[in-house]
Amino acid sequence: MSAQKKKAFQIEAFKHRVVVDPKYAEKTWKILEHAIHEIYNHNASGLSFEELYRNAYNMVLHKFGEKLYSGLVTTMTSHLKEISNSIEAAQGGLFLDELNRKWAEHNKALQMIRDILMYMDRTFIPNTHKTPVHELGLNLWRDVVIHFHAIQSRLQAILLENVRRERSGEVIDRGLMRSITKMLMDLGPSVYQDDFEKHFLEVSADFYRLESQEFIESCDCGEYLKKAERRLNEEIERVSHYLDTRSEVKITNVVETEMIESHMHRLVQMENSGLINMIVDEKFEDLGRMYCLFRQVSNGLVLIRDVMTSFIRDTGKQLITDPERLKDPVDFVQHLLDLKDKYDKIITSAFRNDKTFQNALNSSFEYFINLNSRSPEFISLFVDDKLRKGLRGVTEEDVELVLDKVMMLFRYLQEKDVFEKYYKQHLAKRLLSGKSVSDDAERSLIVKLKTECGYQFTSKLEGMFTDMKTSQDTMQGFHASHGSDIGDGPMLSVQVLTTGSWPTQPITTCNLPAEILGICEKFRNYYLGTHTGRRLSWQTNMGTADLKATFGKGQKHELNVSTYQMCVLMLFNDADRLSYKEIEQVTEIPTSDLKRCLQSLACVKGKNVLRKEPMSKDIADTDTFLFNDKYTSKFFKVKIGTVAAQRESEPENQETRQRVEEDRKPQIEAAIVRIMKARRVLDHNNIVAEVTKQLQSRFLPNPVVIKKRIESLIEREFLERDKGDRKLYRYLA
Amino acid sequence: MPPRASKRKSAPPNSSSVTSSDGRSVSSKAKIKGLEKIDRLFNTYANSSLGMIDPEGIEALCSDLGVDYTDVRILMLAWKLKAEKQGYFTQDEWQTGLKALGVDSLSKLKKALSDLEKEVEKPSNYEDFYTYAFRYCLTEEKQKSVDIESICELLNLVLGVQFRPQIDSLIEYLKVQNDYKVINSDQWINFLRFCKEISFPDLENYDATQAWPLILDNYVEWMREKHS
Chain A
1 MSAQKKKAFQ IEAFKHRVVV DPKYAEKTWK ILEHAIHEIY NHNASGLSFE ELYRNAYNMV
61 LHKFGEKLYS GLVTTMTSHL KEISNSIEAA QGGLFLDELN RKWAEHNKAL QMIRDILMYM
121 DRTFIPNTHK TPVHELGLNL WRDVVIHFHA IQSRLQAILL ENVRRERSGE VIDRGLMRSI
181 TKMLMDLGPS VYQDDFEKHF LEVSADFYRL ESQEFIESCD CGEYLKKAER RLNEEIERVS
241 HYLDTRSEVK ITNVVETEMI ESHMHRLVQM ENSGLINMIV DEKFEDLGRM YCLFRQVSNG
301 LVLIRDVMTS FIRDTGKQLI TDPERLKDPV DFVQHLLDLK DKYDKIITSA FRNDKTFQNA
361 LNSSFEYFIN LNSRSPEFIS LFVDDKLRKG LRGVTEEDVE LVLDKVMMLF RYLQEKDVFE
421 KYYKQHLAKR LLSGKSVSDD AERSLIVKLK TECGYQFTSK LEGMFTDMKT SQDTMQGFHA
481 SHGSDIGDGP MLSVQVLTTG SWPTQPITTC NLPAEILGIC EKFRNYYLGT HTGRRLSWQT
541 NMGTADLKAT FGKGQKHELN VSTYQMCVLM LFNDADRLSY KEIEQVTEIP TSDLKRCLQS
601 LACVKGKNVL RKEPMSKDIA DTDTFLFNDK YTSKFFKVKI GTVAAQRESE PENQETRQRV
661 EEDRKPQIEA AIVRIMKARR VLDHNNIVAE VTKQLQSRFL PNPVVIKKRI ESLIEREFLE
721 RDKGDRKLYR YLA
Chain B
1 MPPRASKRKS APPNSSSVTS SDGRSVSSKA KIKGLEKIDR LFNTYANSSL GMIDPEGIEA
61 LCSDLGVDYT DVRILMLAWK LKAEKQGYFT QDEWQTGLKA LGVDSLSKLK KALSDLEKEV
121 EKPSNYEDFY TYAFRYCLTE EKQKSVDIES ICELLNLVLG VQFRPQIDSL IEYLKVQNDY
181 KVINSDQWIN FLRFCKEISF PDLENYDATQ AWPLILDNYV EWMREKHS
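Chains as they are written, first to last, in full-length UniProt numbering: chain A, 1 to 733; chain B, 1 to 228.
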C-alpha cells in the first residue's frame with residue numbers, strides 16, 4: 001500500500017427533483033397568513049413554530065420570497081388599520097392607554113413573526129435590499145397608526161397637554177408617558193423629534209415666555225431667580241423620567257433663553273433687588289444662583305461682570321475723591337483693604353473664584369487707586385502706622401497677612417517711584433527714632449518689595465538698615481575707647497548715615513549747646529580716625545535728646561525732646577526769660593522749624609515746659625518765653641519730641657511731586673538711549689511704547705514728557721530725525 | 001573755446017581768438033577779465049580794512065539794487081553766495097557766488113535777483129535755502145538757537161509769501177506762548193514741514209502722537225481751543 005493516488009474529493013449537490021406544485025406557494029402562504037392573523041388575535045399558542053418556520057423557509061427556497069414578503073406587508077397593514085381604528089375610538093384619557101397597549105401587542109406579534117420569517121430576513125431580504133421584518137413592522141406602525149392623521153394630531157395634543165398639566169402642578173402618569181415617548185424613539189429619532197419634541201419645545205417656549213413675564217412683573221430679582229432655578233430643575237427631572245436624554249439640553253436651553261436671557265438686563269438692574277443690591281447686602285446665595293444661571297446664557301457673565309466692574313469703579317472713585325475720607329490716610333487705606341476683602345469674598349463664595357471676575361476686580365482697583373495722585377503717599381503712611389504701632393503684639397502669621405495685603409495694594413500703583421520716595425522718608429524716621437515695632441516685619445516687607453520690583457528698588461532701603469547696624473558697632477567701639485572720659489558728662493548716641501541711602505535733607509544751621517559740643521567733637525575725631533577721607537555733618541533736624549529737668553517745687557521729669565528743642569531749653573539754664581529774637585539769634589535755627597519747636601514747648605497742654613507771653617496759639621516774633629516753674633505732669637518721662645510721619649501739606653506735596661518729576665527725566669532719557677542704541681532707527685510711536693514698557697514697573701511716563709526728552713536728546717546730538725522719513729529717529733553713536 | 005597747448009604759434013582764423021604770449025586762451029582771459037569786474041564790484045562795497053563787505057556795504061548794495069535791506073532776495077543772495085556770517089560777504093564768497101550767477105555787473109545782478117527767486121523756489125533748493133536761513137541767524141559761536149522775535153521775523157520773510165495764513169497764525173502763537181524762549185534748528189525745519197503737510201486752517205491731518213516737535217503739538221492745541 002504505497003503511494004496512493006489522491007483523487008480530488010468532491011461533494012456534489014444533491015440533485016433531487018423537487019416537484020413544484022403551482023399551488024404550493026399559495027397554499028403555503030395561506031398557512032402563514034393564517035398564522036399572522038392568529039398572532040394578532042392573541043391565539044398564537046396553538047401554532048407550531050417549527051412548522052411555520054419550515055413553511056416560510058420553503059417558500060423562500062423555492063423562489064417565492066417575493067410573494068411571502070408582499071403578503072406580509074399586506075396582512076400586517078390591514079391588521080394595523082384595524083388597530084388604528086380601535087385606538088381612535090378610545091375616549092379621552094384612555095387614548096394613550098389604548099395606544100400603549102396596542103403598541104406592546106404589536107411588538108410582541110412582530111417578534112414572533114420575525115422569528116418565523118427569519119430565513120427570509122437573512123437571505124431574501126438582504127439580497128433584494130428590502131426592509132427587514134422588524135424594521136418593516138415599525139415603519140408600518142409609524143405610517144399606518146401614528147401618522148394616521150386622526151391619531152397623529154390627537155397624540156401630540158395629549159402629550160403636550162400632559163406636560164402642561166404637570167407644569168401647573170398636577171400629577172400625571174409618568175410611566176405611560178415614558179412608554180409613549182420610548183415608542184416614538186423606537187420608531188426613529190426623526191419621529192420623536194418631528195412628532196413630539198419639536199412641538200414640545202415650541203410650546204414650552206411659549207409657556208415660559210408667559211410665565212417669565214408674569215414673574216418679572218411680580219417678583220424681585222432674588223425670588224425670580226429662585227423660581228427660574230426651580231423650573232430648570234423640574235425640566236431636568238422631567239426629562240430623566242419620561243423624555244429622551246437628548247432633549248435635556250434642548251429644553252434647558254429653552255428655559256434659559258426665555259427666563260434668563262430675555263430678562264437679563266432687567267434682572268441685573270432691578271431696583272432694590274438687582275445685582276448691585278445683592279453685592280452691597282452680601283447676599284451670597286442669591287449671587288451664586290445668579291452666577292450659575294447666567295453662566296448658561298451667552299454674555300450672561302459678561303453682563304454681571306460689566307455691571308459689577310462699573311459699580312466698583314464708581315464706589316472706588318467716590319472713596320478716592322471724598323475729602324472726609326482723605327483726612328486720615330490710614331483710615332483711607334484701611335477702607336480700600338476692606339473693600340477689596342469684600343469683593344474677594346463675593347468672588348470666592350458666589351462666583352466660584354472665576355478668573356475673569358478676579359481680573360475685572362483688579363483692573364477696577366488699579367483704575368481708581370491711581371485716580372488719586374496721593375495714593376502712594378497714603379499707602380506708605382498706612383505701612384508706617386502699622387510698623388510703628390498697628391502690628392504690636394500681632395502674631396508673625398498675621399503680620400505677614402497684613403504685609404501681603406499692603407503688597408497687593410502696592411501692585412496696583414502706577415507711580416511706584418513716588419511710593420518709594422515716601423517709604424524711604426517714613427522708614428528713615430522710624431529707624432532713627434527707634435519706633436519700629438518689629439525689625440523682622442520691616443525686613444520682611446523689604447524682601448517682598450525686592451521680589452516685586454527687583455534689587456535696585458530696595459538697595460538703598462537696605463543701605464539704611466546697614467547704617468543702623470554699623471552705627472551700633474561704631475558706638476560700641478566709641479564707648480569702649482572713650483568710656484572713661486565721659487564720666488558725668490552727657491551720654492551721646494550717634495547714628496552715622498550714608499548720604500546716598502537716606503532721603504536728602506537740606507543742611508540746616510543750629511548751634512549746639514556748649515555742654516555737648518565737647519562730646520560731639522570727641523566722636524567726630526574718633527570716627528574720622530578710623531574712617532579717613534570721609535566728611536561728617538551733624539543732622540540737627542533729625543536728632544533727639546533726653547533732658548533731666550527740675551521744676552519749681554522740686555519735681556523732676558525726664559523730657560524727651562528733639563535736638564532743636566534741646567538747644568532752646570538749654571538756654572534756660574542761664575536765663576529765666578528770653579525773647580523770640582534772642583532765641584533765634586543764639587540757636588540760629590531756621591524760622592519755621594524754630595516756631596514749630598517753640599509751639600510744641602509752650603502751647604501744648606500737658607507739655608508746656610515753657611510759658612509764652614502773650615498766651616496765644618501762634619508764635620510771633622515779638623513773643624517772650626519763660627521757664628514754666630509750675631509745670632506738672634503725672635508721668636516722670638514726658639515726650640515732647642516731633643510727631644510721627646504725617647501726611648504732607650499741600651506745598652510739601654507739590655515739592656515732592658516736583659522732585660519726583662525731576663528724577664524721572666534722566667530715567668526716561670536713559671530708557672530712550674538704551675532703546676535707540678539697540679534698535680538704531682525707530683519711529684516715534686514705537687519709542688513711546690517701548691519706553692513705557694521699560695519703565696512700567698516704576699511709573700507711567702507721560703508721552704508729552706517722553707517727547708520733550710527726545711527733543712532734548714536731539715539738541716544734545718544723541719539722536720537725530722531721519723532725513724528721508726521724518727517719522728523716524730536715528731541713534732547717533 | 002577749450003584751452004590749447006601753448007606751443008602753437010598760429011591761431012585758427014577766428015576774430016575773437018587771440019593767443020597771448022604765455023599761451024592762455026581767451027576764455028580764461030575772459031575769465032580773468034570777468035573776475036576783474038567782479039572784484040571791482042566787490043571793492044565798491046567792501047570795507048577795505050576788513051577786506052570784506054560789511055553791513056554798511058550790503059546796505060549800499062541794496063539801495064543800488066533797488067531792494068530793501070530786509071528783502072528776502074538779499075537773503076537769497078546770501079544763500080547763493082553761501083555766506084557764512086550774517087551781514088558780511090567775503091571776497092571768496094562774492095566771487096564764487098557771482099560766478100555761479102553768471103553776473104559781473106550791477107545791472108546783471110539786478111536782473112539775476114528775480115531769476116534767483118525762481119531758482120530758490122525749486123523744490124530741490126527750497127529746503128536747503130530754508131535751512132540756510134536759520135543757520136544764517138546763528139551769529140555767536142556755538143549758538144544753537146535763535147530767539148523768538150527773530151524767528152518770527154524770519155518766518156515772515158522766508159515763508160510769509162507762500163504760506164501767509166499759517167505763518168500769521170504761527171507767529172501769533174509764538175509771541176503769546178512762554179514755554180519756549182528760543183527755537184532750535186530741529187523745530188525750525190519742522191515749521192516748514194508743518195506748512196507743507198498739514199491742511200490749514202482745520203489742521204485735520206495733524207497727529208500729535210507722531211514725531212512732531214512739542215512746540216507744534218502745543219500750537220495745534222492752542223489753535224483748536226481758539227476755534228472751538
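Treat the hints as calculated values from the structure; they're not laboratory data.
One or more hints might be untrue.
With a straight-line Cα cutoff of 20 Å, these simulated SDA-like cross-link-like pairs (lysine to any residue) come out [as the list claims (entries may be wrong)]:
id, chain 1, residue 1, chain 2, residue 2
1, B, Lys-142, A, Gln-414
2, A, Lys-665, A, Thr-356
3, A, Lys-727, B, Ile-58
4, A, Lys-723, B, Leu-192
5, A, Lys-708, B, Val-67
Have a look at the derived ranges for each label pair, beta carbon to beta carbon [unchecked claim]:
id, chain 1, residue 1, chain 2, residue 2, range
6, A, Gln-654, B, Glu-56, 50 to 58 Å
7, A, Tyr-455, B, Trp-222, 43 to 51 Å
8, B, Asp-168, A, Leu-732, 49 to 57 Å
9, A, Lys-665, B, Asn-218, 16 to 24 Å
10, B, Thr-70, A, Lys-317, 52 to 60 Å
11, B, Leu-157, A, Leu-732, 55 to 63 Å
12, B, Lys-85, A, Leu-536, 33 to 41 Å
13, A, Ser-579, B, Trp-222, 26 to 34 Å
14, B, Leu-106, A, Lys-665, 50 to 58 Å
15, A, Lys-665, B, Tyr-69, 20 to 28 Å
16, A, Tyr-455, B, Leu-157, 56 to 64 Å
Because the structure is a prediction, the values reported are computed rather than measured.
Beta carbons are placed, not taken as given, at the ideal position from N, Cα and C, and that holds for glycine.
When you take the CB atoms of Lys-665(A) and Asn-218(B), is the distance between them in 16 to 24 Å? About 19 Å separates the Cβ atoms of Lys-665(A) and Asn-218(B), which means 16 to 24 Å holds.
Between Lys-708(A) and Val-67(B), is the straight-line Cα distance small enough, at 20 Å or below? 42 Å, violated
Using the beta carbons of Thr-70(B) and Lys-317(A), state whether their distance is inside 52 to 60 Å or not. At roughly 59 Å between Cβ atoms, Lys-317(A) and Thr-70(B) fall inside 52 to 60 Å, so the hint holds.
I want to verify a distance hint. Is the separation of the beta carbons of Leu-157(B) and Leu-732(A) within 55 to 63 Å? Because 31 Å falls outside the window, the suggested range is violated.
Lys-85(B) versus Leu-536(A) beta-carbon gap, inside 33 to 41 Å or not: Violated - the Cβ-Cβ distance for Lys-85(B) and Leu-536(A), about 56 Å, lies outside 33 to 41 Å.
Assuming the hint says 49 to 57 Å, is it satisfied by the Cβ distance from Asp-168(B) to Leu-732(A) or not? For Asp-168(B) and Leu-732(A) the Cβ distance comes to about 36 Å; the hint is violated.
Is Lys-665(A) close enough to Thr-356(A), meaning Cα to Cα at most 20 Å? Status violated; Cα separation ~37 Å.
Quick check: does the Cβ-Cβ distance between Ser-579(A) and Trp-222(B) fall within 26 to 34 Å? At roughly 56 Å between Cβ atoms, Trp-222(B) and Ser-579(A) fall outside 26 to 34 Å, so the hint is violated.
If you draw a straight line from the CA of Lys-723(A) to the CA of Leu-192(B), is it 20 Å or shorter? With a Cα-Cα distance of about 14 Å, the restraint between Lys-723(A) and Leu-192(B) holds, given a limit of 20 Å.
Is the straight-line distance between the alpha-carbon of Lys-142(B) and that of Gln-414(A) 20 Å or less? Judged against 20 Å, a Cα distance of about 41 Å means the pair is violated.
Outcome for the supplied range 50 to 58 Å, where the beta carbon pair is Leu-106(B) and Lys-665(A): 56 Å, holds
Agreement of Lys-727(A) and Ile-58(B) with the hint, judged by alpha carbon distance not exceeding 20 Å: 40 Å, violated
Going down the numbered hints, you'll see the structure goes against 1, 2, 3, 5, 8, 11, 12, 13, 15, while the others check out.
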